[in-house]
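> Next come the chains, spelled out residue by residue.
2 protein chains.
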Amino acid sequence: MSTSVLDKIPGAKPSGVLMADAIRVLSMEAVHRAKSGHQGMPMGMADVATVLWTKFLKYDPSRPDWADRDRFVLSAGHGSMLIYSLLHLTGYKSVSMEDIKSFRQWGSTTAGHPEYGHTAGVECTTGPLGQGLATAVGMAMAERHLNARFGDDLVNHKTWVIAGDGCLMEGVSHEAISLAGRLKLNNLIVLFDDNNVTIDGYATVAETGDQLARFKAAGWAVKAVDGHDHKKIAAAMRWALERKKPVMIACKTAVSRRAGDKEGDKHGHGYNLMDDEIAAARRHMDWLHEPFTLPDNVKKAWLAAGRKGTKVRKDWEAKAKSNAKFAELSNAMSGELPADAFKALDAHIADAIATQPADATRSCSGKALAALTPTLESMIGGSADLTGSVNTLVKGMTAFDIDNYAGRYVHYGVREFGMAAAMNGMALHGGVLPYAGTFFVFSDYSRPAIRLGALMGAKVVHVMTHDSIGVGEDGPTHQPVEHLASYRSMPGLHVFRPADMIEAAECWKAAITAKGPSMLVLSRQKVPAVRNTGGDLSAKGAYELSAASADAKVTIFSSGTEVSIAIAAQKQLEADGIPTRVVSTPSWDLFEAQPDAYKASVIGAAPVRVAVEAAAKFGWERFIGENGVFVGMSSFGASAPADRLYKEFDITAEAVVAKAKAAL
Amino acid sequence: MSTSVLDKIPGAKPSGVLMADAIRVLSMEAVHRAKSGHQGMPMGMADVATVLWTKFLKYDPSRPDWADRDRFVLSAGHGSMLIYSLLHLTGYKSVSMEDIKSFRQWGSTTAGHPEYGHTAGVECTTGPLGQGLATAVGMAMAERHLNARFGDDLVNHKTWVIAGDGCLMEGVSHEAISLAGRLKLNNLIVLFDDNNVTIDGYATVAETGDQLARFKAAGWAVKAVDGHDHKKIAAAMRWALERKKPVMIACKTAVSRRAGDKEGDKHGHGYNLMDDEIAAARRHMDWLHEPFTLPDNVKKAWLAAGRKGTKVRKDWEAKAKSNAKFAELSNAMSGELPADAFKALDAHIADAIATQPADATRSCSGKALAALTPTLESMIGGSADLTGSVNTLVKGMTAFDIDNYAGRYVHYGVREFGMAAAMNGMALHGGVLPYAGTFFVFSDYSRPAIRLGALMGAKVVHVMTHDSIGVGEDGPTHQPVEHLASYRSMPGLHVFRPADMIEAAECWKAAITAKGPSMLVLSRQKVPAVRNTGGDLSAKGAYELSAASADAKVTIFSSGTEVSIAIAAQKQLEADGIPTRVVSTPSWDLFEAQPDAYKASVIGAAPVRVAVEAAAKFGWERFIGENGVFVGMSSFGASAPADRLYKEFDITAEAVVAKAKAAL
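Heads up: the sequence lines are chains A and B, in that order.
The opening residue of the first sequence carries number 1 in UniProt numbering; numbering runs sequentially from there.
The opening residue of the second sequence carries number 1 in UniProt numbering; numbering runs sequentially from there.
In short, the hints are calculated from the structure, not lab data.
Mixed in with the good hints, there may be bad ones.
Claimed, not checked - For each label pair, taking beta carbons as the anchor points, the in silico distance ranges come out as:
1. PRO291(A) to GLU654(B): 35 to 43 Å
2. GLY604(B) to ASP576(A): 35 to 43 Å
3. ASP576(A) to ALA605(B): 46 to 54 Å
4. SER635(B) to PRO291(A): 51 to 59 Å
5. SER635(B) to SER549(A): 37 to 45 Å
Claimed, not checked - So, partial list: chain A residues that the calculated Cβ filter (under 8 Å) puts toward chain B:
6. GLN105
7. ALA111
8. GLY112
9. GLU115
10. GLY264
11. GLY418
12. HIS478
What the hints assert, rightly or not - Calculated cross-link-like contacts (lysine-lysine; reagent style DSSO-like; alpha-carbon spacing at most 27 Å):
13. LYS244(A) to LYS216(B)
14. LYS244(B) to LYS216(A)
15. LYS35(A) to LYS647(B)
16. LYS540(A) to LYS617(B)
17. LYS101(B) to LYS617(A)
18. LYS216(A) to LYS252(B)
19. LYS266(A) to LYS184(B)
20. LYS526(A) to LYS35(B)
21. LYS617(B) to LYS599(A)
22. LYS617(A) to LYS599(B)
23. LYS647(A) to LYS526(B)
24. LYS661(A) to LYS617(A)
25. LYS599(B) to LYS661(A)
26. LYS101(A) to LYS647(B)
27. LYS553(A) to LYS647(A)
28. LYS647(A) to LYS35(B)
29. LYS184(B) to LYS617(A)
30. LYS216(B) to LYS184(A)
31. LYS216(A) to LYS245(B)
Note that beta-carbon positions come from the ideal geometry of N, C-alpha and C, so glycine has one too.
Isolated chain A, as found in the complex (with noise of 0.2 Å):
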């Protein structure tokens, strides 16, 4: 297909090549001016996204935080000029044609990749490959919960994503395209841009896998077609509106389409279109117009386009403001909390302080859920195969099925890393609270998504349980001991390891009244309980928890159940005649964020500083000083009783005594 005859009459209402021609003009100026980025994609998918925002997208540019609106997702996040080559013609505020000019350059919106947050209309941070794919899972699976709580004049909207050979490559795309197969989500619609070109040359290098069957095994619908045809896209997409299953559609597209000797070349995926060949592409496509300029039909036509969903979001307002639940909506969407959000658990942290139960934190993390899940409709928990041993599944809740969107209990499957991706899609969407657990040592198979949500501000929390060699007979494969540090250094994600009932209740309350993500670090093995005072203090991330006799000697921080052995040092230290104090540490970030002198108060001025975690030492010179003294692990863990590893490795009151006197 090329441009129409008409197209040659200035003024003229212009075809849908010359539409996608403005697309492909946009990214190839940008990416040439930027001397980096990628213009093979937005080339390639031009047509494909032509078709899809000027005639099935349900978008309005005027108000992009629209409830209702369709999500766009640019998996191939490397293609961001696709997307604010979309944004700017259909006239959203945020891509402004100075900020095309400026694409990558500090301050403009037209980053390299696309961020939430930074760039309206932008629906989740894409670059990372696969990612894109499994956050919209999340997305549909939001839609569909929201739409079984709300119905349909309310919510039921699409989810549309663009994905590359590299997406479909990664691990995650299959967590992603089993779960959305198993829950069918119909409102899940994927435009493979199948160009057979990446970055080491023709995809095949790497991959001869078939696609369409592939998804075909997953339980999606699945077809074929010319990438850049207009009139069978549209037909393929009106089929996937009909679908009951999730729907891929795999577009035959060549790189850098209409780019001359570039296109389809596998040398056209990033920037390296030179002067001459950016003039020739010109050329080929009949444009003649200034670099960065838009001739007006064009313009007008887009902005046409996306005029129209304007109209549609006033419909769906007028509509809805006349319905029952839409402020019941319109709150859930806010993420704000209702005002007794916290009293049932306030209530349970009262109990706790009363009752001193010993339990493992595990266990006090699905108390303070039980107290927050029936006031927060919003929160929607889950776990990835470990249910029972995680405690996510509060009494009640049922599952989230094809049967039962309403449920707040997802069975992610083992699908560590799928689960957190969709999570922060969840929250991206907005309207729920996603919460769910799997083992901490394998938050590494999750950590991609857990960056990524950090760095989006993505409202989850990651329950993260068996928390060291307290796990026991798994052994080391399954005992965490550098994850503490690894995410303790990750910029945007609140890090909460409580040490009892009470804390874990202030924890949660922590994490659910703090702005981004936040992962709760739990133990498998019972402890007793360590504070019998409220005042919510785990809020600062670390405080004073049992004073001196006198003026201390020995400051022993601590943090989860390694919290008793602390005190238990303590005892046997003041026993001995040595005041000694204890601190306990439960949020590191927190205390962070705490004023100075509340910060030296808690280090404290004790000539023997010591820390005890069942973990790696690296990071804790911040409390202890690069002289202090560690208790805690050097090495990997080994298979045993929990109970016999805390005595092999030296995790003791008694190791913390000695080496504390010894320091002394």
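Got chain A sorted already, so can you dock chain B onto it with the hints?
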């Protein structure tokens, strides 16, 4: 199928089912005694394993390290009692009946999950699901490569994998099977334990995909079989051996087979057979022997199966010894370096000392590889579809591919996790030294395999480029911040961040010489030479790169691309009359291993200590103390040219100078 009537006759040759019952009973009893573990899979797959280990698998219990043995990987590692039973029954010395009785106890060889290096006969540490399968792909690749290099007479064996529902839900399984399918690894056979039970219940709670269709789409030969019918299992295995592709056999099994009520039940996965159920299962199997006691005929039949392999191994040895390439194979398998391993590299270092080249450290790494790989024929490179960017392809290397398994460069595709796991598998197989590259930020994707490699001590080199905001325009999704801290805290992994051509070569030498896995963290952007001396200083982890003109008032610690910033700051401070020294810290773990006196001398006594690194501060306190000055990142990065980002995030010589002065 059940035991035959002949099995009632004491001393008669046991049926296959009776032999499988031995596995079932040992597994069930060991788990029962440990009150921990999983009898479900070992009992379900006992029949398949019996057929495999008595009729097909090539192994010699008296030589667990025989080079041409088949590799057996229990990807579903929680079923560890299956392999411990097999090792014990076939006569491996590593697993005695006492060990079986001590399942999951401190010091026993029967750890909770199979551990490579801990128990002879265990080829791979498993437990983190999906990874056994992905590791096995690497083993099969190594085998095909060595076969191409040494011929059928020396190297010609299979890799067999048992994988469960959980393994196949994990994303890494997709990367593994699509890579194996692409490479047509006809020496790889996966036995899928198709039992439809996971921890959350029946697998269908989370998975309804068609696994046979899925593997077929990835280019595998597939077949389903009754996993309790010995004849049909054997026929399927014979069929598998004749395919020209990797093979997946879906073995329909019942979890906790022959355990009465729990057979095939969703509660039959893990430990939960109580005393009465154990008794009932024994009655059901007609197994009337004392616990942990085997009837003589069963014992003998199993030992005979093991001994068959001894003969096969001896025949191989007899033939191998007269093969001209035998010594070379033995050398390769031993992992010993040739005497002239570093001759070219040393010359390259001498040249760099003389010429002081400015270069990106990724390019420095590429040049070190060009000096190493011609001599070290075992080195097999690759990348996750970033060949041109990560500098891992040395001129003259050809692609490892279907028609050229002798090739030494692997196009892993966009499969970071699968790549890292495959590298582990190659290293475990032996005979090759794998290295491969991706962007440092995407090390998050491969992290679970990097960890498992560190735990196993698998000798691989992860080449991680684009190591900071120096990535520039690609933005925060592509800019590592917390990654250095996250890997420096991982036990068993050597992390190197070289500053220039000389350090890059030294770090490669250290990585090749070191035990276990290494990671080289390298820059996209060009940096000046900072060293003009030899002396293999990087091997000490940290060292004084540039002395102060007098008693130092300031020490600046740095690594990688920021060392040149440190040097520039030193010049300015010295010019301002402030004696300043610079310490380069290419490897924290190697530094940690130095004598205390050396460490103290490197840390020095300057009153002001500054660290500059374009990464998170986390962990730097060990060099600069808790009140030291840090110049680096405290948030995610942004999209803009690299120079601009260094300025905006204030990681400059000026910032170092100003902050050092303020602290004086």
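> If a hint holds in the structure, say so; if it does not, say that too.
The hints, checked one at a time:
1. PRO291(A) to GLU654(B): 35 to 43 Å: holds (37 Å)
2. GLY604(B) to ASP576(A): 35 to 43 Å: holds (37 Å)
3. ASP576(A) to ALA605(B): 46 to 54 Å: violated (34 Å)
4. SER635(B) to PRO291(A): 51 to 59 Å: violated (35 Å)
5. SER635(B) to SER549(A): 37 to 45 Å: About 42 Å separates the Cβ atoms of SER635(B) and SER549(A), which means 37 to 45 Å holds.
6. GLN105: Constraint on GLN105(A) satisfied, holds at 6 Å.
7. ALA111: holds (4 Å)
8. GLY112: Given a least distance of 4 Å, the restraint on GLY112(A) holds.
9. GLU115: Because about 7 Å separates GLU115(A) from the closest Cβ in chain B, which is inside the 8 Å limit, the hint holds.
10. GLY264: Status violated, d = 18 Å.
11. GLY418: This hint holds: GLY418(A) lies near chain B, its Cβ roughly 7 Å from the closest one there, short of 8 Å.
12. HIS478: Nearest chain B Cβ about 6 Å off; hint holds.
13. LYS244(A) to LYS216(B): holds (25 Å)
14. LYS244(B) to LYS216(A): holds (25 Å)
15. LYS35(A) to LYS647(B): holds (20 Å)
16. LYS540(A) to LYS617(B): Roughly 21 Å between the alpha carbons, so the hint for LYS540(A) and LYS617(B) holds.
17. LYS101(B) to LYS617(A): Between LYS101(B) and LYS617(A) the Cα gap is close to 35 Å, so the pair fails against 27 Å, i.e. violated.
18. LYS216(A) to LYS252(B): Satisfied, since the Cα-Cα distance of roughly 22 Å is no more than 27 Å.
19. LYS266(A) to LYS184(B): With a Cα-Cα distance of about 24 Å, the restraint between LYS266(A) and LYS184(B) holds, given a limit of 27 Å.
20. LYS526(A) to LYS35(B): At roughly 17 Å apart (the allowed maximum being 27 Å), LYS35(B) and LYS526(A) satisfy the hint.
21. LYS617(B) to LYS599(A): With Cα atoms ~18 Å apart, LYS617(B) and LYS599(A) stay inside 27 Å; holds.
22. LYS617(A) to LYS599(B): holds (18 Å)
23. LYS647(A) to LYS526(B): Violated, because 50 Å separates the two Cα atoms, which is more than 27 Å.
24. LYS661(A) to LYS617(A): Answer holds: LYS661(A) to LYS617(A) is near 20 Å, not above 27 Å.
25. LYS599(B) to LYS661(A): holds (25 Å)
26. LYS101(A) to LYS647(B): holds (22 Å)
27. LYS553(A) to LYS647(A): Holds, because 26 Å separates the two Cα atoms, which is no more than 27 Å.
28. LYS647(A) to LYS35(B): holds (20 Å)
29. LYS184(B) to LYS617(A): violated (45 Å)
30. LYS216(B) to LYS184(A): holds (22 Å)
31. LYS216(A) to LYS245(B): holds (22 Å)
Hint check: violations occur at hints 3, 4, 10, 17, 23 and 29; the rest are consistent with the structure.
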